[in-house]
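Quick note: the sequence shown uses the working numbering, first residue 6, plus one each step.
Treat the hints with caution; some may be incorrect.
What the hints assert, rightly or not - List time: in silico BS3-like cross-link candidates among lysine-lysine, alpha-carbon distance up to 30 Å:
no.	residue 1	residue 2
1	7	190
2	100	125
3	122	95
4	95	43
5	95	7
6	100	179
7	95	137
8	100	7
9	125	137
10	122	137
11	122	100
12	122	7
13	190	125
14	122	190
15	125	43
16	190	179
17	95	125
18	125	7
19	7	179
20	137	179
21	190	137
Said to hold, decoys possible - Ranges of calculated distance between the beta carbons of each label pair, as one might list FRET restraints:
no.	residue 1	residue 2	range
22	178	27	11 to 21 Å
23	117	42	27 to 37 Å
24	178	117	16 to 26 Å
25	145	64	26 to 36 Å
26	67	188	29 to 39 Å
Derived from the structure by calculation, the hints contain no laboratory data.
Predicted model only: the values in this text are computed from it and were never measured.
Cβ atoms here follow ideal geometry from the backbone N, Cα and C, with glycine treated the same way.
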Amino acid sequence: MKRSYLFLATGFEEVEAIAPVDALRRAGMEVTIVAINKERLVTGANGITVAADEVLAGVNLEDADWLICPGGMPGATNLRANEVLCEALKAHYEKGGRIAAICASPAVVLATLGILKGKKATAYPGFEEQLKEAGATHVEGRVVVDGNIITANGPSSALPFAYAIIAETLGEAKADEIATGMLYK
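All chains should be built: construct the whole structure from the sequences, respecting the hints.
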């Protein structure tokens, strides 16, 4: 199984990062938490500091399965400001790679990179126009899957977001197994 990568920038939404990593790892997926700056310790929007597994400069994303962007502000803005990450996201998308983003990141990161053009997507309320301006079709809902792109609308959707990634990777049965084990279902 290929490795997936979740990116942390200062001001990330903690639950949108940790809950998906937890669920994906329970499903047996290999997930590396990557700090986009030079330090492995990254502080989220609510003051919780997380130790990433790696820093962006130390990872090779060429063989990635999923590239995952949590939201939060200014976390999403900080992800978008990192040119190395943005180039990696565009390259991954152009080769048909899978990308997932939640909360502000679908609009602030993916839409601005042209990744959502012609796609159905959701984002945190208030970002609908940014999606539309980028050529995406805004869909109300917790999680939207459109081909190789998964978007979700916010913190309370962190687990359904993770289960959608699991379902796309390992099948609905595995996603249901993990959701049931976590008492979500």
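- Tell me, which hint numbers fail for this structure? Result: hints 14, 15, 20, 21, 23, 24 break, sorted rising.
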